[in-house]
Structures are given as structure tokens and as C-alpha cells.
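Trainee: Residue numbers (the working numbering), protein chains in the order written: chain A, 10 to 129; chain B, 34 to 900.
Warning: the hint list may mix true and false statements.
What the hints assert, rightly or not - Derived Cβ-Cβ restraints for the label pairs, each shown as a range:
hint, chain 1, residue 1, chain 2, residue 2, range
1, B, Asp732, A, Pro112, 37 to 45 Å
2, A, Asn31, B, Glu513, 28 to 36 Å
3, A, Pro112, B, Lys606, 45 to 53 Å
4, B, Glu726, A, Pro112, 45 to 53 Å
5, A, Ser18, B, Glu504, 23 to 31 Å
6, A, Ser18, B, Leu685, 43 to 51 Å
7, B, Pro479, A, Asp102, 20 to 28 Å
Honestly, the hints are just simulated from the structure, not real lab data.
No residue lacks a Cβ here, since even glycine has one placed at the ideal position from N, Cα and C.
So the chains spell out like this:
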Amino acid sequence: MKLLIVDDSSVMRRTIEKHLQNYDLDIVGTAKNGKEAIEMFKKEMPEVVTMDITMPEMDGITCLENMVAIKPDTRIMMITALSDKYTGLQALDKGARGFLYKPVNPDDLIEAFDKLLKRN
Amino acid sequence: MKAIQNLSIRNKFGIILFPLVAGIIYLAAVSINRNFQASQDLSNLQSAIGLSTKISAVVHEIQRERGVTAGYLTSKGELFATEITERRKATDKILNEYKEETERILGTDYGVIAEPIIAKQNEIFEELIDVRQKSSVFSISAQEQVSLLASVNDRSIQLIGDLTKGTENKEIYQQVNAYRNYLLSKERAGIERASLTSAFTTGQFSIKEDFNRFAALVTEQNVFLDNFTNEASEKTLTFFNSALEDDKLDKDMFRKVSEMRATALSEETFDVDPNFWFNMATGKINLLKEVEDYLASDIVSRSTDLSNQAQQNFTYLAGSIFLLGGLNLLLLFSVVRNILSNISTLESFSVRVAEGDFSSTPKIKNTDEIGRFAKVFNGMINTISIAQEDLGEKIKQSQVVFDNVDQGIFLLDEKFVMSDLYSSETEQIFNNDKISGESFIQFMRPRLVARDQDALEMFMKHLFNPEIEEEVVNKLNPIERVQIFSSNESGELSSKHIRVGFSRIQEGDRISSILVTVVDETETVLLQKEIEEAEGKNKQEMELMLSILRVDPATLEDFLNTCRQSLGNISSKYESDDKRNFKELVSFTYNTIHNLKANAGLIDLKVLADKFHGIEELLSKLQGKELVGDDFLRVLYEINEVNDVLENMQNLLGRILSVSGKGKGISNKVDDGSDDEKMIDSLQKGTERISQEMGKKVDLQFTNEDNVVIPGTHRSDLKDILLQLVRNSIVHGIETPEQRTEKNKPESGHINVTFNQNDDRLSVHYKDDGRGLDLDKIMRKALDENLVTQEEVASFGSKDIVKLLFKDGFSTAEEVNQHGGRGQGMSLVGRLIKKFGGDMKMNFKKDQSFEMNFSFPLTTSKLKTVA
Chain A
10 MKLLIVDDSS
20 VMRRTIEKHL
30 QNYDLDIVGT
40 AKNGKEAIEM
50 FKKEMPEVVT
60 MDITMPEMDG
70 ITCLENMVAI
80 KPDTRIMMIT
90 ALSDKYTGLQ
100 ALDKGARGFL
110 YKPVNPDDLI
120 EAFDKLLKRN
Chain B
34 MKAIQNLSIR
44 NKFGIILFPL
54 VAGIIYLAAV
64 SINRNFQASQ
74 DLSNLQSAIG
84 LSTKISAVVH
94 EIQRERGVTA
104 GYLTSKGELF
114 ATEITERRKA
124 TDKILNEYKE
134 ETERILGTDY
144 GVIAEPIIAK
154 QNEIFEELID
164 VRQKSSVFSI
174 SAQEQVSLLA
184 SVNDRSIQLI
194 GDLTKGTENK
204 EIYQQVNAYR
214 NYLLSKERAG
224 IERASLTSAF
234 TTGQFSIKED
244 FNRFAALVTE
254 QNVFLDNFTN
264 EASEKTLTFF
274 NSALEDDKLD
284 KDMFRKVSEM
294 RATALSEETF
304 DVDPNFWFNM
314 ATGKINLLKE
324 VEDYLASDIV
334 SRSTDLSNQA
344 QQNFTYLAGS
354 IFLLGGLNLL
364 LLFSVVRNIL
374 SNISTLESFS
384 VRVAEGDFSS
394 TPKIKNTDEI
404 GRFAKVFNGM
414 INTISIAQED
424 LGEKIKQSQV
434 VFDNVDQGIF
444 LLDEKFVMSD
454 LYSSETEQIF
464 NNDKISGESF
474 IQFMRPRLVA
484 RDQDALEMFM
494 KHLFNPEIEE
504 EVVNKLNPIE
514 RVQIFSSNES
524 GELSSKHIRV
534 GFSRIQEGDR
544 ISSILVTVVD
554 ETETVLLQKE
564 IEEAEGKNKQ
574 EMELMLSILR
584 VDPATLEDFL
594 NTCRQSLGNI
604 SSKYESDDKR
614 NFKELVSFTY
624 NTIHNLKANA
634 GLIDLKVLAD
644 KFHGIEELLS
654 KLQGKELVGD
664 DFLRVLYEIN
674 EVNDVLENMQ
684 NLLGRILSVS
694 GKGKGISNKV
704 DDGSDDEKMI
714 DSLQKGTERI
724 SQEMGKKVDL
734 QFTNEDNVVI
744 PGTHRSDLKD
754 ILLQLVRNSI
764 VHGIETPEQR
774 TEKNKPESGH
784 INVTFNQNDD
794 RLSVHYKDDG
804 RGLDLDKIMR
814 KALDENLVTQ
824 EEVASFGSKD
834 IVKLLFKDGF
844 STAEEVNQHG
854 GRGQGMSLVG
864 RLIKKFGGDM
874 KMNFKKDQSF
884 EMNFSFPLTT
894 SKLKTVA
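Required output: the full structure, derived from the provided sequences and hints.
Mentor: In C-alpha cells form, the structure reads like this:
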């Protein structure tokens, strides 16, 4: 399965990549804002996406909305520092299936992905 | 049909049975009636026949009397004198018997029917009297007498027919008819005897008419006899024939009569012994009478038999109808009553059970369907009763649990409706409001702030969405920890801190309901706050102590006083203002606070500086708005809080100082240069700190060749001005070490402040070697902040642009922090200088330097504290 990582912090992108290097997912790319993310998404059509919320150019919620419109069965995991629950719930409304708060530790990340992809 | 089906069972029975029973009764009545009529008819017939025999007996006597009278009349009284009297007596005797019978009959029911006929018959028999009289006086001829009496007899015989005419019994009718014909034939035989007696006496028929009459008579006799033989029953016919047979063997009268008749018919004169004829004829008639009697008795007995039979039938029929009918009806009613009674019993018990009364059970003894149903019914009641008790127990138990658990617990269904069963604590937490059946979202709405309301609604949706893991959804629980508000009857607002948790309850694959747990954390939260406050307080005190160690007490004291004074000014300005000049009030407050913040920063009272910063934030929000009195209250509230803090700090300071023995006589400030030194010192320190924070290297130099002493009244203001300038230089003017190196400037920036005294004016010369002023940036910022319009700016020269710096609200910093970005700096400088009554000049060289010269008179006029 293909994975796309979206976050405006390069540190964050590298962290997620590192945590998932031994996980059974094929990382096809990283994007640093919503606009870039959509382009890569259209190109690679990944089944799984991690999404930050606060990003320049296009925020995570709008980006998520667009992705779900293109391919509705995409599994999108929000990874955000934004503690505002209202925004988080909006993400769920727009079609996100998973949710994590930053900072993420590797065990939590793996567990969240297992649940997202229903892998026991 | 529906209407009939909905009637009560009693009525249904009524509808079926009533016509049925009525019909049967009717048919029975008709049958009985018919039978009765038949019986009646036969009874009447019996009487009629009885009477008929009496009449025919009279007829017979009249015949005999007639014959004798004929002889008497013919012989002119010489013969039959005594016989006639005897005959008359005999006739009367029989006539009496007849009369008795009629009397008897008239006394019965039949009498009504027979009465007219009897009356007629009586009339006919009356005629006999007349004939007798005439005969006695020889006023009529023999022939006439015979004719008259023949007529009497004929009519009487006909009347016999009338008597029996009404009968329905064909057999009897036929027999009577035969009888009648027989009688008529016998009557003719009698007349024949009389006629021929007369004829044989004279040896011929007197006149032709007599012969004709006779011939007709004979014919009639034979005809009637023939009729009789045709109609008679076998029995009577047999008797008649055997009588004839007996006669043949005996006196052979019939034949002898026939012979003599034949003679009379065939010859014109005859020589026959009239006595002999008379005897033979009489014998024949007597024989005929025997048969007649037999006939009569036969008919009588037959009709009697029939009548009796009919009566018997009637009795039996009526009896059995009544008996059977009665029994059946009895049975019918008893069964129906039993059924109705049982149904009624069952019904009343059902009603009781429906109302919850399980106490008694219907007792129906019989084992038909209803009885069996009752048995089952009883069993059912028993079962229900037991189950109810059991249930009651269980409910009590769960209620005990629910009443004693210390969390609010309840369930929500897919429509978010709260369950009927919930723990008592739920009522406590939510102030006893209605809980069961309420929609959770509506229930929470008035208790939460707007944003939480919306978030809650979104959250609830996802709780029931199986696509999303429960953990994920619960991460976004907006009321995981939340403050809820409620107002009591008097409108007082109160709040609680609660923790709400949601768990999904699954039935197979489906999420059927949500279990909600609510914990009241108010105590914990408030305790936490108190701890934080106490910690905060500790921190403040710690800071103050450190400050005291660093900074000299006098400065500290001075600062604290200034602060409190300034804050006091704000309050009084608020109170005195006519509330229409809010913008100015806010501006004033802002500047004051900004200044205090700077000073606090200078002596490193971070906590205090943060508090001031907080108030600044509040005020900057207000600056853009349409202002209302209440908006400012929040600010006053905060200022009050700061005041308390300052008071605490002053107390603490006092205590520390009294312990350490420092600072005696602080309030007696001596205006010596040491104060100036302290000012310079603090400015130095400030410069160090700010430059460190901005990541730059700055060197501050003071030159005071004229040994100017700055008057105490001006000192703090001057410090403020310098502080502002220093800050601006470090934040905006002086470049980073790397930038400076690139520009071939020394890594450290330089700021020079020079004091000079000219006459009674103090002049201050300030210079830094930074990048000077960026006019473009200033202009753009002014446009951004809407301090000028495009049109105005088009005609601006550099001086005008520089002046923009001094406008309220101007700042070119990108970030708002403690040091810059508020747009108050230069305007404050401008205002202070104006307050001094001084003037100022500014100069800059791009990328090289920034200069400011200002001077002011040294007269110690009473100046207000910073305003």
C-alpha cells in the first residue's frame, strides 16, 4: 500500500518517515503544503495519507476534502499539534479516519496505523 | 354483519334462539290446533251421526204409522183403528228419544252448528201432528197422507246428509251417504207397501197417476239401493247380502215382494191378498230396518272410534310436544345460561387482571372449552404474578446500585436520547433537571459555550460511525474536560467542572447505544487553580526577592509606587470620564501600561511584565472595536488584580528590608547624582538584556561632561524616553553581527547618549550606528495600519514620512512582543518631550546612523506623573 506524508515541517516529515521505515507501507512521497500534496496525490494515488492541519498555501482540512473527493476510500490520518477539538472534528466530518496529536512517538504511530488499516 | 358480530353473546344467543323457538312454538301450536280441529270435527261427526240415527229411527216409525194410517183411511176407519193408536204411541216414543238427543246436543259445542238443522228437523216433524189430525177426521185421503208423510221422511233423510255435510272425513262421509241412500230406498219401500196395500185392496190402481207414481217409486227405490251398494263399506255390504241370503232361506220375503210388485206393474187388475202383501212388505221393511240399524251402529262405532282416536292423537301430540318442547327449552336455557355465566365470570376476571389485580382466579368447574380456557388463564396469571415479583426485585437491586454510584451514568440511543434509567449522581451533577427522554445535545446546549455546542454535535455524529475507531473519536471529545454553566432560580450563574466519557455499546456489528459517564471534578479543578495561584504567588515573591537582591530597594520602591500611582490614575480617569471618550481612555490606559511594562522589564520583574503584557493584549483588542462601558470593566478588573500583586510586593519588600536593615529612610530621597547613576545603570542593564534577546551586540555609552544632574521630576520620564530610543535602536536600527560584518561595520553596535547643559536647558544627544530609518517601510506600514490614505501619502516628503513614526499605533515590527511591535514607542517619546516643553530634532543616514537631539528647560514645574 502506498503512503503520502504531508506536513509543513521537514523535521516532522523526516520523523514520520523514520518511524515507519520498517512498517509495511510504501512511502511514495512527502509534501510540505496542501497544494503540493494534491499534485502528488493525483500522480501517485496513494491508499494512505498522513496530514498536518496548519500549513501554508492550503490547510489540511481543505486538502483532505479534495483528496476524499478524488478517491473516496483513501484512508487519511490527521497528525497535528492543533489542540482545538472543533477543527479535529471537522476533519472527521470531511472524511479523515484517524487522528493523532503531536508529538508522536513511534509506538503510538504504529498502533494508530494498525487500527486505521485494520491490521491486527 | 359486523353489527351482529359485535353484539354480546347473550344477545347473539337471543337473536338465534328467539326466532327458532318462536318458530317451533308456532309450528307446534299449528299442529296441535289442526289435531284439535280434527278431533273436534270427529267429535261433532259423532254427535251428528248419533242424531242422524235418531232421526232415521223416527222416519222408520213414521213409515209404519203411515202404512197403518193408509189402511185406516182407505177402510174408512173399519180396519186398523186400534193399530193406529198403537202406532202413534210408538212413533211418539221414538220422537221423544229424538227430542232428548237434540236437547243433549244443543247443550254441547256441536249444538251451535247443529242448531239450525235441528230447528228445521223439528219443523218437519211438526207436520206430523197436522197429518194425524186430518187423518183422525178423515179430512185427507190415504194417498194424500202417504204423500205428505213421504215428504216429511224424505226431507228428514236429506237433513241427515246436511248434518254430516261439514265433515272432513271422507270415509265417514261416504258411509253416511250410503246410509242416506239406503234410507231413501227403504222409505220408498215403505211407500210401496202403502201404495200396493191400497191397490191390492181395490184390485187395481184407481187412476193412471197412481200407477205412474208407483212406477217412479219403484225406480227410485232401486236407484237408491244401487247407490247404497256402490257406496257402502265392505262390511256393511256383506251384512246386507248375508241378510238377503238368510231371508232367501227363511221366508223369502224379498222375492215374494218382487213378485207381487211385478204383478202390480204388469197387470191392470190384480188379485193379490193385500194382507199377505202387507205382511211380506212389512217383513221386508223390518229386515231392511235390521240392516239399517247395523249400518247406523257401524257408522256410529266407526265415527266414535275415529273420534276417540283423534282425541288420543291430540292428547299424545300435545302432551309430547309440551313435554319434549319443555324439556328442550329447559335444557337450552340452562346450557345458554351456563355458558353466559362462565363467559361473564371470565370477562370480569380478565378486566381485573388487566388492571393489575392478580389476587383471585376465576373458578369455572366444567371442562368444556371455556372451563379449559379458564384453567389456562389461571396458569397464566400465576406465571405473570411470579414474573412481576421477580422483576420488581431486580429493578430494586439495580436501582440501589444506581443510587449509590458516584458518577453520572446513562445511555444514549442512536437518536441521542437519554435513557430512562440513570444514576442518582446524574441528577446531582446536572441540578435535577429532567433527564429521561431528553435529547443529549439539547440538554447540554444551555450548559456549554457556543463553540463547545457545535463541536459536541459533530462529535456525537462520529460516535455512532463504525468506520472510525472509538479511540480516534474519543481523542476529539470536546467535553472530555469542560466547564458547564447553570443559573438557579434567582438568576445566579454557577459553574462546575466535569469530565465526560463516552463508550460504544455494540450488539454484533452494530453500535446500538453509547454509555456516558460524567464525573464532577469541580473540587479538583478549583484546588488545582488555587495551587497554581499559590505557585504563581510564590514565583512572584521569589522574583521580587531576586530583584531586591539585584536592584536597589529605592528604585524598586520607586517603581512600585509609580506603578500604583499610574494604575490609580487610570481608575480615576475612568470614573471621571463622561463615558463618551472611550477611545481616549483606552489610548491613555494603553500608554500607561506599556510604559510600566517596559520599566518592569528593565528591572527584570518578568511576572509583572507578563501581567502588563496581558492587559496590553486586552486593550489592543478593544482599540479596534465599538466600545461599550462594560468592555472596559474587564480591564479594570485586571488592573485591580495587578494592584493586589503590587501591594503584596510592597509588603514583602517592607518585610525583607526591615529584616535586612537595608533601605532605612527610603522615602527620603536625596537628589544626588547617585540616582542618575542608578538610571544609567538600569539603562545599561536593559540594553544588555534586550540586545541578548534580539541576538545582537550593542554597546551603550553615556557622556556627561557637564555633570548634569537630572531633576528628579524628569528622571523617570527621561529614562522612559531613553529606554524607548534604546529599544528602537536595538530592535529596528542596529543590525545583527553578521549583517554588520557584511557592511564592514564593527560587530557591536554603538549607542551614544550625551547630556549637556546650556543655560537652563538640558539637552540630550542620542546616536546609534545602525541602519537608520527605512522610509519605504514606514510609509507602507502607515498605509497598512490605515494611519494615512494613498492620496495623502502621494504628496509626502521624507519629513512627513518621518513624522508618521510619531503617530499613535505605528510600528514596523512584525511580531508583537515585549520589546517592540506595539507602535507606541516613538509617539510616547514625542509626548514626553512635549510634556517637558522641550523640542526635538531627528536625523538619519541610511545604513549608517540614527540621531535624535532634544532639549528641555530645567524649571521644576509641577508636572503630572506620566499621562
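Trainee: Now tell me if each hint is right for this structure.
Mentor: Hint by hint, here is what the structure shows:
Roughly 41 Å separates the CB atoms of B/Asp732 and A/Pro112, a value that falls within the hinted 37 to 45 Å. Between A/Asn31 and B/Glu513 the CB atoms are about 33 Å apart, so this pair conforms to the stated range of 28 to 36 Å. One distance hint, 45 to 53 Å for the beta-carbon pair A/Pro112 and B/Lys606, holds here, with the actual separation near 48 Å. Distance hint check: the CB atoms of B/Glu726 and A/Pro112 are about 27 Å apart, inconsistent with the given range 45 to 53 Å.
Checking the proposed 23 to 31 Å range against A/Ser18 and B/Glu504 shows it holds: the Cβ atoms sit about 25 Å from each other. Against the hinted window of 43 to 51 Å, the Cβ-Cβ separation of A/Ser18 and B/Leu685 comes to about 44 Å, which satisfies the hint. Look at B/Pro479 against A/Asp102: about 24 Å separates their beta carbons, and that is inside 20 to 28 Å.
Hint 4 from the earlier list is the only one contradicted by this structure; the remaining hints agree with it.
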